[in-house]
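Engineer: If you want the building blocks of each chain, they are given just below.
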Amino acid sequence: MVNVVFVGCGAALEHLYRAPLKELEGRGWLRVCALVDTTERRRAAALGWFRHAKAFADIPAAFEAVGKLDLAIIASPPAFHAGHAAVAFEHNCHVLCEKPVAHSVAAAQKMAELARKKGRLFAVGMMRRFYPAVAVARAWAKDNAGSGPLEFVYREGSVFDWPLASASQFRRDTGGGGVLIDKGIHALDMLCHIFGSGRLLRSADDANQGGCVESNAALELAFPGSRGFLQVSWEAPLNNGFHISSAADELWLPISPIDAVWTRRKGNGAGWRKLEAQACWPNDLALTRPKLFRPANFSECILMQLVSVLRSIHLGERPIASGADGLEVLRLVMEAYEQATPLEQPWLPPAEQRATLASHWRSSEGVNELSQCAGNR
Amino acid sequence: MSVSPINDSGFRVSRVAVLGAGGFVGARLMRVLRGCSQVKGVGIVRSAKSLARLSSHPMEVRVVNTSRTKELAEALSDCDTVVNAVNGDVSQVLRETRTAYEAALAARCKLMIHLSSAVVYGRANSPGLHDDSPPDTRNWMLYARGKAESEVFLRSVMGDAKSMRIVALRPGLIWGPFSQWSGMVGEQLSRGSVCLSNSGRGIANLVHVDNLVQMMLAVHGSHTGPSGFYNVGDPEAVTWSQYYQGLCKRLGYPETHVRTWPDARLPLTPKLALEWCLQRKPLYRVAKWCLPRVGLGVKAAAKKVVKGEPFPPGGLQPEPKSAPRLTREHWALQNTTFRLPMKKFFRDYGPVELESTESALDSTASWLRFAGYAAANGESGPFDSTHIW
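Protein sequence lines correspond, in order, to chains B and U.
Following our numbering, the numbering of the first sequence begins with 7 at its first residue and continues without gaps.
Following our numbering, the numbering of the second sequence begins with 876 at its first residue and continues without gaps.
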């Protein structure tokens, strides 16, 4: 039985983790013993969901009162991840940290270093790795790697609709960035998972000076054997989807639903063909012949992620998304922020375009904003 | 009310509170106000998530429970004008309008600009409709009924609020960059799924978002304009076919991509019956209550039925053999018969410099290209990113 402390009882607990954690409590594999949040209202709500749990206003108090806690799930605002993880590691606790792993590369490195020193598991919440469609895309990219360079385009936009408890996400000092570190980090993780280590070629966003964060961002990226661009928006839907092209074939997945994938042959006028995404993941703690399960929605992906973490704790398996994976993606995001140029917005009236270009956060004044918020990167 | 500050040129800076600043219109108004030296925008949103659209620009925004009059009045206390651009729960439109009015009055604001909608006249199927025609409070759409009831309420209090002018604007479909009514066209063109009812001859009662903002600013800037109700729209009348073709051409699709169906039939489907049921307030509320309580599997299945399965771009769907399966709302929009007259607005609020339809189509197409809806072009296809860099 793994004793769990959940840190940050906001929307992530309520809408993502609550049901899977209860499911695993029901299986007798873990027990949520401690809930940590600075807000009394959220602590009270969370206590209603987990009958064995006690609530605390800070993480040291939880360790002091409960004693043996094996796994800390950290879903507090990103600026607090490193501090919360450090306390957990100091108490010999494993850590599953929600994305982004931290709000700066230096903080994430410290987390990884502490985990290594203490010999504890450091996993990161990147549930899209469990999407059956992503597994198909990964296999497809591998199969087509020999047929010449692959091209890709990834677009994901929607009006922001996550029921946030606070506005910290929208300030660079507390959120670390905007749509890129929120939505874009999932996309970048998917790309790294599919293609391997990535390299940033170009980056543009629309954030202004004054601690603002971007609501639109675009990156050009290169991976071993592939190249393409990524575009994310908090303002409106884009032509959403992930499109990969080889010399002879194309693959497209809509991102949602999580198991939809289409392919087509190039050049012969053939239409798109829908594939059945059959990727499965171990759904028990057996070392050999584990029962396999194909997730059908994001809640089941979170469940698979938690099972993966439990298997790592019990069986020593590498988690599907490790802290190192989270760090690599965060490094790309931070590089994108460092190199960000103003996003061209030709649909704006000319005067507004000029004003937008002049007030971009990475212009002379804005450069200081990055260094202030990111600390000693 | 607190004393407004003075700007660099010695003019008094007036303050405009934008209720619903996180919405499409509210956010655009807030951005335009940033460029005005004599007007300062104060955004009012009801939840933290609404800050996302405003997060890229430094703005004064207050998170307030907009359903509580006292709390809202406090947030408005240093503002001269209130723009009610709230676009929330469709079953609460009247209540929200009433709260906004009471709060603005309590805060001693001088002007309330209320965003109503041309939908209060349904399909606008009478040539005699004018700005003061009674709105249709029995419309089949819950949103339309809410807007109509709000108008009736505002008309009833217009005389009472002597210290505050009330100007209700009735835009049609608000289009332009980031608008759902423009994104919809890009989406359908890229999927090859456009099919317009009634040969595309219906009137698209469009107003470009920047034109609407200019009209709101004209009302704010006029100290002598009267209270009243005003139809607002773009300077030129456009049919649905012209609207789609205008964007189709600019995005590089062949003209044949905009397919039409010759008559105005709407095939009856179970989906339409469901849509009709959800426009009854009690059923809507039950559905809204159920939504967060049903499993993700049920939600996914319902989404598939309502919205259809996502389909990759680039394919043209087969030629339609029956009337297009539109939602009743889209069918009604595509079969609008008359354009609402706008003379009253220009009479009372003077000439306003509006963007022409051609120029608005250019800027909208530019955003649609950015969003990835341009036609696949030769070798580069969907991988063309030249419109971004």
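One should not assume that every hint holds.
On the chain B side, residues computed to face chain U include the following (Cβ under 7 Å) [what the hints assert, rightly or not]: (1) 278; (2) 299; (3) 352.
Source of the hints: derived by calculation from the structure; they are not laboratory data.
Cβ atoms here follow ideal geometry from the backbone N, Cα and C, with glycine treated the same way.
Engineer: Of the numbered hints stated earlier in the document, which are not met by this structure?
Structural biologist: Of the numbered hints given earlier, the structure breaks just one, which is hint 2.
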